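Peer 1: One line per chain: the protein sequences are G and A, in this order.
Under numbering that gives the first Met the number 0, the first residue of the first sequence is numbered 0, with each subsequent residue one higher.
Under numbering that gives the first Met the number 0, the first residue of the second sequence is numbered 0, with each subsequent residue one higher.
The set of hints was computed from the structure by calculation and includes no laboratory data.
All values reported here derive from a predicted model rather than from experimental measurement.
Using N, Cα and C, we set each Cβ at its ideal position, and we do this for glycine too.
Each hint should be verified, as a subset may be incorrect.
No farther apart than 27 Å at their CA atoms in a straight line, the calculated lysine-lysine pairs in the DSSO-like style are these [claimed, not checked]:
#  : chain 1 : residue 1 : chain 2 : residue 2
1  : A       : 113       : A       : 138
2  : A       : 249       : G       : 23
3  : A       : 38        : A       : 114
4  : A       : 113       : A       : 248
5  : A       : 248       : A       : 195
6  : G       : 272       : A       : 113
7  : A       : 38        : G       : 272
8  : G       : 272       : A       : 248
9  : G       : 23        : A       : 248
10 : G       : 5         : A       : 138
11 : A       : 150       : G       : 272
12 : G       : 23        : A       : 38
13 : A       : 150       : G       : 23
Covered stretches of chain A, as calculated for chain G (at least 3 residues, CB under 8 Å) [said to hold, decoys possible]:
#  : stretch
14 : 72 to 79
15 : 90 to 100
16 : 107 to 116
Next come the chains, spelled out residue by residue.
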Amino acid sequence: MLETLKLVSRQGYAFVARNFHLVKRYWGWELVWLIYCIVNALSITFIGVGMGTLTGSQDVDTGYLVVYLMIGTLVWQFLSSLFENISQMIQWERWEGTIEYTLMAPVRRYVHMAGQTVFAIIYGLILTGLIAIVMALFFELDLSRANIFGSVIILAMGGVSFVGIGIVASVLPLLYPERGTQMAYIIQALLLLISGVYYPVEVLPGWLQTVAKISPATYVLEGMRRALLEGTPTYELGGYIWPLLGMGIVVLPIGMSLFRAGERYARRTGRLKRSG
Amino acid sequence: MGENRPALEVIDVLKEFHIKRPPLWKRLLGMASSQNGHKTIRAVDHVSFRVEPGEIFGVLGPNGSGKSTLIRLVATLLIPDSGTIRVFGHDVQREEMAVKRMINRVSVEASFFKKLSPMENLLYGARLYGLSGAEARRKSEAILTRLGVRKSSFNEPMEEMSRGMQQKVAIARAFLTRPILLLLDEPTTGLDPRSKREVHRIILELRDEHGATILLTTHDMYEADALCDRIAILDEGRIVAQDTPAGLKKTVGNGEREPTLEDVFMELTGKRLRDENEGEE
C-alpha cells in the first residue's frame, strides 16, 4: 500500500515537475502571456469605471460594476487556465512527439490526469493571483462584506467540473489529430458566452439562458458574486454549491471514461503517432 | 515470472490500417490529394514468432515492411486486429500495465520535449517508471556519461543538440528503467561509428549482466549480424525467413563467396522490386 502510494505520487509529480520545467524554459512566452492577461483584465474592468461617462448617468454604481467585472475576469482567468492546461495535455505531447512515450509508461490514466490537474491548479492560482495583485493597484476594492470562505468553496467545486470538461476536451486531439485543439477552443468560447462572465445571464436570449444552466461557470460566477459582493453566508449558497457538486460527480467520471475510450480508439486506429 | 516462459510470443498477429475516402466537399473542391476510395493497408500480416529470455532477436525489412508497427504492437501503442502478443506470459491487451512495467522502447525519432534539457527529460521519464528524483539523476548522469554525452550538455535544451546526441539521450531514457524486454526500433540511426559501438556494448551488457531480452529492428546489416541471436526478415507485413544469422546466410549461399546478411536481405526482399521493374519494362 505504502509502495503503491509512493509510486503513484512519484508518477503524478513527474507531470507537475515536467510542466514547471517547461514553464521555466518558455519563460519569455509566459511573461508575454502574463502581460497580455493583465492588460486584458484591466481593459475589461475599466469598462466598469467608464460606465457613468458612457451612459451620462450619475446613478451608476461604479464600485459595484468594477468588482462585478473583476470577479468575472479573475474567475474566468482561473477556470479557463485550468481548462486549457488539461484540455491541451495531449496536444502538447503530440506536438512535441512524446505522446507515445507518455502513454507507453506504466502510469494509470487517473494518475496522469491528477498530475496534470495539480499543475493546472497551481499554475492557474499563480497566474490569477499575479493578475489580481496588479488589478488591486488600479482599482479600489471593498471586500469588507465579502464571504471569502464561501467563495473559495464555490471556486473549488467549480474547478472539479472544469477539470472534467477539460478531460473531455483533451480527448478531441486523440480522435481528431488535425482539428481537436480547435474544437477544444470552441468549447471554451461557448462557455465564455453563456456563463455570465462579464454580464448577467439574464441578458442572454431565452434559449441561451437555458443552455447556461448546464455550464458550471454560471454557478461559480453567480455564487462568487453573491458571496463577495453581497456577503451571502455560506449556508445560503447551497443553490450554487450543490449543482456544482452534482456536475463534478457526473462530469469527472464521464471525462475519464471518454478519455479511456478515446485512447483505445487511437491505439486501434494508429492515431497516437505524430503524423496521425 | 516463469523461467520457461518465452520473453515474447507473437502469435498470428494481424494489423491493418484503414484510410478513409476524403469527404465529398473536399473532392468536389479539388482539395483532396487522392480521389481514391477507402483503402486498407495490411501492415502486419499474420506474423508469429517467439523470443526466448535473454535473446537478441532482430527484425529486418525494407521501409514500410511493418517493423515499427510490430514494435508498437508489442509496446501496447497499437491494438492488434487479431492474434495474441504475450510478454513473459502477460497478454499485452488484458494485462497492459504488467507489460508496460517490463518494457521500454527506443524509436528512430528521438522524441523529447525539445526545450527541456536531457536531465529534465530523463527525470520525467524515470519518475513515470517510479524512480525517485535523486536516483534518476544519479543513474542519468552515469548513463549519459557512458554514452559520451558531454556534462556541459546535461542541462542544455535538447534542441541545441545534434541528432546523434539526441538519439543517445533516447537510449539513456530506455536503459534508465532497466526493462527486461527492450524494444529497439532502429536505435543507432544517425549515430557516428564510435557511438554505435558504445550502444552495441551497452545492449550486450544489458542482456549479459541484467538478463534483458531485446527486440531490435535495424537497417544496419553489420549491427544485426553482430548483435542478434536470431533474425526474422519481414516483407510487406509477412515474415519471409527466420533463423540465426548463420542459418539465414546458408539459404542464399551460391558457393562463390561467403554470403553476407545483406545478400540474404536483398535476396528475400529485393525480388519483388526486380519483378516490378521487369513488369514496368
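Peer 1: Next pair to validate is residue 113 of chain A with residue 248 of chain A; report whether the Cα-Cα distance is within 27 Å.
Peer 2: 42 Å, violated
Peer 1: Please work out if residue 23 of chain G and residue 248 of chain A have their alpha carbons no farther apart than 27 Å.
Peer 2: Cα-Cα ~54 Å, so violated.
Peer 1: Run the distance test for residue 249 of chain A versus residue 23 of chain G: straight-line Cα separation, threshold 27 Å.
Peer 2: 58 Å, violated
Peer 1: Between residue 5 of chain G and residue 138 of chain A, does the CA-CA distance stay at or below 27 Å?
Peer 2: 19 Å, holds
Peer 1: Quickly compare the C-alpha distance for residue 38 of chain A and residue 272 of chain G to 27 Å and report which way the hint goes.
Peer 2: 19 Å, holds
Peer 1: Hey, residue 150 of chain A versus residue 272 of chain G, does the alpha-carbon distance stay inside 27 Å?
Peer 2: 32 Å, violated
Peer 1: Is the hinted pair residue 38 of chain A and residue 114 of chain A satisfied, with a Cα-Cα distance of at most 27 Å?
Peer 2: 38 Å, violated
Peer 1: Does residue 38 of chain A sit within 27 Å of residue 23 of chain G, going by the straight-line distance between their CA atoms?
Peer 2: This hinted pair is violated, its Cα atoms lying about 45 Å apart.
Peer 1: Can the restraint linking residue 113 of chain A and residue 138 of chain A be considered satisfied, given a maximum Cα separation of 27 Å?
Peer 2: 21 Å, holds
Peer 1: Has the stretch 107 to 116 of chain A got at least three residues whose CB is nearer than 8 Å to a CB belonging to chain G?
Peer 2: Check passed, 7 qualifying residues.
Peer 1: Holds or violated: residue 272 of chain G and residue 248 of chain A, Cα atoms, limit 27 Å.
Peer 2: The given pair, whose Cα atoms are some 35 Å apart, is violated under the 27 Å limit.
Peer 1: Report holds or violated for chain G covering the stretch 90 to 100 of chain A, Cβ cut-off 8 Å, minimum 3 residues.
Peer 2: holds (count 3)
Consistency note: the structure conflicts with the earlier hints numbered 2, 3, 4, 8, 9, 11, 12.
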